[in-house]
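With the hints as constraints, model all of the structure from the sequences given.
Spelled out, the chains give:
Protein chains: 2
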Amino acid sequence: MGELDLIASFEELLEARGDRLVRGPGDDASVVRARGFAVTSIDAVTDGTHFTLATHTPADVGHKALATALSDLAAMGADAGEPPVALALPRGFDTGAARELVAGMEELAGRHGVTIAGGDVITAASLTVTVCVTGWVDDDGLLVGRDGAQPGDELWVTGALGGSAAGLLVLQEKVPSAELAAELAARHRRPEPQLAAGAALAGAGASAMIDVSDGLARDARHIAERSGCRIVVELEQLPIARGVADVAEAAGLDPIQLAAGAGDDYELLLTAPPDRAPELERAAARADVALTRLGRAEAGTGIVLRTVAGGTVDLVGYEHQ
Amino acid sequence: MGELDLIASFEELLEARGDRLVRGPGDDASVVRARGFAVTSIDAVTDGTHFTLATHTPADVGHKALATALSDLAAMGADAGEPPVALALPRGFDTGAARELVAGMEELAGRHGVTIAGGDVITAASLTVTVCVTGWVDDDGLLVGRDGAQPGDELWVTGALGGSAAGLLVLQEKVPSAELAAELAARHRRPEPQLAAGAALAGAGASAMIDVSDGLARDARHIAERSGCRIVVELEQLPIARGVADVAEAAGLDPIQLAAGAGDDYELLLTAPPDRAPELERAAARADVALTRLGRAEAGTGIVLRTVAGGTVDLVGYEHQ
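Which chain is which? The protein sequence lines are A and B, in order.
Note that numbering that gives the first Met the number 0 has the first sequence beginning at 0, numbered continuously upward.
Note that numbering that gives the first Met the number 0 has the second sequence beginning at 0, numbered continuously upward.
The set of hints was computed from the structure by calculation and includes no laboratory data.
A portion of the hints provided could be inaccurate.
[As the list claims (entries may be wrong)] Residues of chain B clear of chain A, computed beta-carbon distances all greater than 10 Å: (1) Ala-15; (2) Lys-173; (3) Pro-175; (4) Ala-181; (5) Val-231; (6) Asp-245; (7) Thr-291.
[Unchecked claim] Partial list, derived from the structure: chain B residues whose beta carbon lies under 8 Å from chain A: (8) Arg-34; (9) Ile-121; (10) Leu-142.
For glycine and all other residues, C-beta sits at the position ideal for the given N, C-alpha and C.
What follows is the structure, encoded as structure tokens:
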């Protein structure tokens, strides 16, 4: 099947949602009715770096590519829009597998009211999926960057951490059978972008926000650097996903290494003034996500990972590459 | 140099232009003040398919990636906006070369008032540059798609054709020294997106428009298919770039094979009602591009490549892959 036939076959799988799309796939460019501000991020995932086809189905790859891109919009508090997608397929990549990949992406798009607006298909040395996610907000004052944390703010995180890293250990067969193996593996292969939570928490007064893709420690550092303050994380407060402790023990690791050092959980890490706590908790409840207070912003620079006992945790070797 | 340091080093090379960019690189997403309609296209170029590092400098690659993406906006008649860029670098790719690539892209961006708004850098099997070009228009009625050609419309093309294909033959050393070798090679390595011409021709009444990336014959077919009409091309009218005839002769080819069968010239192919001819010609003169009438749209389907003598030209083997 040639490139044009393949694109036509993908178009059959895609549905336009909402009323913003004026001109969809099939022309030189797609056309979308804009709102006040466009929020845009581009993310690429490639075989061997962000996934392997040994541990991911094509549908997992499609899901992951779109999910990790949408997660950036969640972290800004923006509504998801109409991402175009570039698909680099290795020579001879199975057409059915390529359709499964697009279908996996479309299934996630459907759940979030997102329209995949055209794209590009090329032949390349390995499988790479690039999603340019676009989103919209009427007032840019509603967006939350990495740069708004103030000394005195509290630090919060949605959901639970470490599940993706534990799932990867399971998929790589680095631990003997784990009780929650399937749940953890799914957590790694099919991360869920926290779009509803991101918008709700932005509206509730978050001062800085980032998605936990590089790992809690690194992402806290991004907030600290961009905001010009110090972020203190109380490691005992870390919400650790269920099943992670078992996997960590089997692998000879501390669960905190997986929850704070490894990445790809795609939860949201945020700061807010202490008086916003009740509003944040109500917003999280409305979005049906757990919300845990796990530290604060202080005057200073860098990050501090603190244990009650005053101990330190070695994250080296578990920081996301 | 790690990925984050590399991104920081790229950010130093990039300049924000105009007043639309509200939040640039360094956050989860860039934020841009919108106009009425967003016009978006994603384009990827990869080593071995769209260029080779044997014939292209890193700066050529950066230029080409952005130019081919911007060309899609030119073909819609949209103003260029703030494209994000995803850079997939092979392991061990030289940092200086990566900076040259970004600088080559930035140089073109500067000439067209475009702001490169952040991006993603990953390690992959081979060099791939993906540009998600965004553009803006206040009124979507001003955009020109591939689907607006009507029987009776005339067919026009900007500039001259075949230069890129002849340049590739020169770069591949498939012809002995050609007189205009350097000019033709530059034409292949550094195509120029016809943004000013596209906007001017859209305003002058073009009914359908496409950029000549797949080759004139194929791109005429795209217009025919999307518009539901037949496109007739009078091959004797083809504007052939200077130097192409020499290279074609040396390679044992007909110049028309290079001008109509090969692609990557990034000129604009358009249709318009005959009474718009004077306005189109004035628009082209204002944008400082040649404009040649080379056929028409008729009732029917498909394309006809016609010679005065009634002969046919074999384009097989020269259609763009």
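Tell me the hint numbers this structure goes against, listed in increasing order.
Result: no hint breaks.
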